[in-house]
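Enquirer: So the sequences go chain by chain: A and B.
Using the working numbering, count along the first sequence one by one with no gaps and you end on 283.
Using the working numbering, count along the second sequence one by one with no gaps and you end on 1298.
These are computed hints drawn from the structure, not numbers from a lab.
Relax, there's no trap hidden among the hints.
Dumping the calculated DSSO-like pairs for lysine-lysine here, alpha-carbon to alpha-carbon at most 30 Å:
1. Lys136/A / Lys231/A
2. Lys1286/B / Lys1191/B
3. Lys141/A / Lys231/A
4. Lys1065/B / Lys136/A
5. Lys1065/B / Lys141/A
6. Lys1116/B / Lys1286/B
What follows is a set of in silico ranges between Cβ atoms, one per label pair, in the way DEER data are often shown:
7. Gly1115/B / Lys136/A: 52 to 62 Å
8. Gln51/A / Val1288/B: 55 to 65 Å
9. Asp1156/B / Glu244/A: 19 to 29 Å
10. Trp1071/B / Tyr94/A: 35 to 45 Å
11. Glu137/A / Trp1071/B: 30 to 40 Å
12. Gly20/A / Lys1158/B: 31 to 41 Å
13. Arg99/A / Asn1144/B: 46 to 56 Å
14. Gln1287/B / Leu63/A: 43 to 53 Å
15. Glu1193/B / Glu170/A: 18 to 28 Å
Predicted model, so just to flag it, every value in this text is computed and none were measured.
Yeah, the Cβ is synthetic: ideal placement off N, Cα and C, and Gly gets one too.
Residue strings, one per chain:
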Amino acid sequence: MVRRLPFGRRAKARVLPGFGLSMGFVVTYLSLIVLLPLAMVFIQASALEGQRFLAMMLDPRVLASFRVSFTTAFLAALVNAVFGLLVAWVLVRYRFPGRRLIDGLVDLPFALPTAVAGISLTTLYAENGWFGGWLKELGIKVSFTPLGITVALVFIGLPFVVRTVQPVLEELEAEMEEAAVMLGARRLQIFCRVIFPSLLPSLLTGFALAFARGLGEYGSVVFIAGNMPMKTEIVPLLIMTRLEQFDYPSATAIAAVMLLVSFFLLLLINGLQWRASRRMAAD
Amino acid sequence: MEPAVTARTVPEQQVPEKKTDSKPDSHHLTESRWVRIVLIGIALAFLGLMLVIPLVFVFVEAFGKGWALYWEAIREPDALAALRLTLSVAAIVVPLNTLFGLAAAWAVTRFSFRGKQWLVTLIDLPFAVSPVIAGLIFVLLFGNRGLLGPWLSALDIKIIFAFPGIVLATLFVTFPFVARELIPLMQSQGKNEEEAAACMGASGWQIFWRVTLPNIKWGLLYGVILCNARAMGEFGAVSVVSGHIRGQTNTLPLHVEILYNEYQFTAAFAVSTLLVLLAVVTLVVKQVAEWKNRNEAA
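Just chain A, with the same shape it has in the complex (with noise of 0.2 Å):
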């Protein structure tokens, strides 16, 4: 049975009912709470003069913004791609005592608030804290210093990769570590040449969740940044900055250039997924 459908498409007759009901509520919905409050930050920005502009973005203190919160959210990031992937393994490979809790645990950044996380980790990176006092015997001060923002970036990012690199993890077939012991390889030379190789786009994609999510991250990091201009004051922070000032055209103008830097890294993140499924397909 063939019907010819609005968009000037031939498709089957839809047995399911409520199309026109749902897409109608998904389409206006998403208009009035996600794109049009979204669009006024582009129609803003593109009111202000292009000189005006970029007078704007290379002042040095937003310079100064832009590289705290890209050096932090990366090596945060960094991190995360490190100890995530070995979390994972761990999760997935091998049998303890407590697995179970510990996998549920991993997606606690997911929910506990910002905020708190933030007065928690600034409270025991501090000088007088359980882990700052011991860190300033050996000269490392974390608290209100760029190193205390990335702690608290690989804090809210930690379950970004861990979550995406497990379920392929799991989906690994044995297959191909069998025939690799077959053939003579050693575990060190399996893990390199097999199983990494097939991690990789999942990793990426962790990875760049994670970076994605640093770039934005408000709540935990302002307790610990310390929020010196020029030194630990990260680009959301300066946006809220300006915003307190009554300086729109500046707040816009940031977070303009933040949103583009964000879209980017969504169709970065589902080209990747987009591959990896397809790879999966394939295989």
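Position chain B relative to chain A; hints supplied.
Expert: Here is chain B on its own, set in the frame of chain A:
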């Protein structure tokens, strides 16, 4: 995958391997015992330092000065007002986004249409946006100097620095949660059961209540509870639009911030324990939902 390995190693090693290796191949299929113990140890130490200690620390600080102080911080009028506000915001946001999640999952997984991939990407969009920007967009729309600002102030409607602004920002931030949980679940379940019901003459609502909902209930529950956790715990977006009026537009996380910045550390951690409990309940529900899903699939 890697033909280089196979081509090179086959001729040389096949023969000696058989002679010398009396143990079965399983020896090479996993790491030696010591490597395993070391790897587990590192992973546990990392998770302990990064997750467990910060979590336990909240309770240590909250109860460190005794129960009396803890109760005082929780029962303080501003804290109760913050709790009430947080609960009312969630009571509006969670049902709306649940409805959206169900509609989106139904449209995306039960029908094929052009641009579906784009729709799914757009639904994910709020995840990619910094919470501060999520607040900013509503200030640009409804704030005093915003697009609709003059019009709203003429009508004497207050959105920013008031309850509606907090609801809008929270709606934005928690927008994808339920849809994200349901779309993969309903995709994997397929639509055969629903189509069979439709062919036997069931109406749309009958199909939804009797076939779809029982199949997705655990995934739905998890999506809802995750959405709820984020709605109650959101800080950045709400911070931009709330205006921090004590007893009026302070949610629980904002109340924690104020207490902390006023050096009332014990009170800040005491109020935080409420939010930690919320997180723990969320994680427990997730485990149960996953377990139920697996059992029902098997």
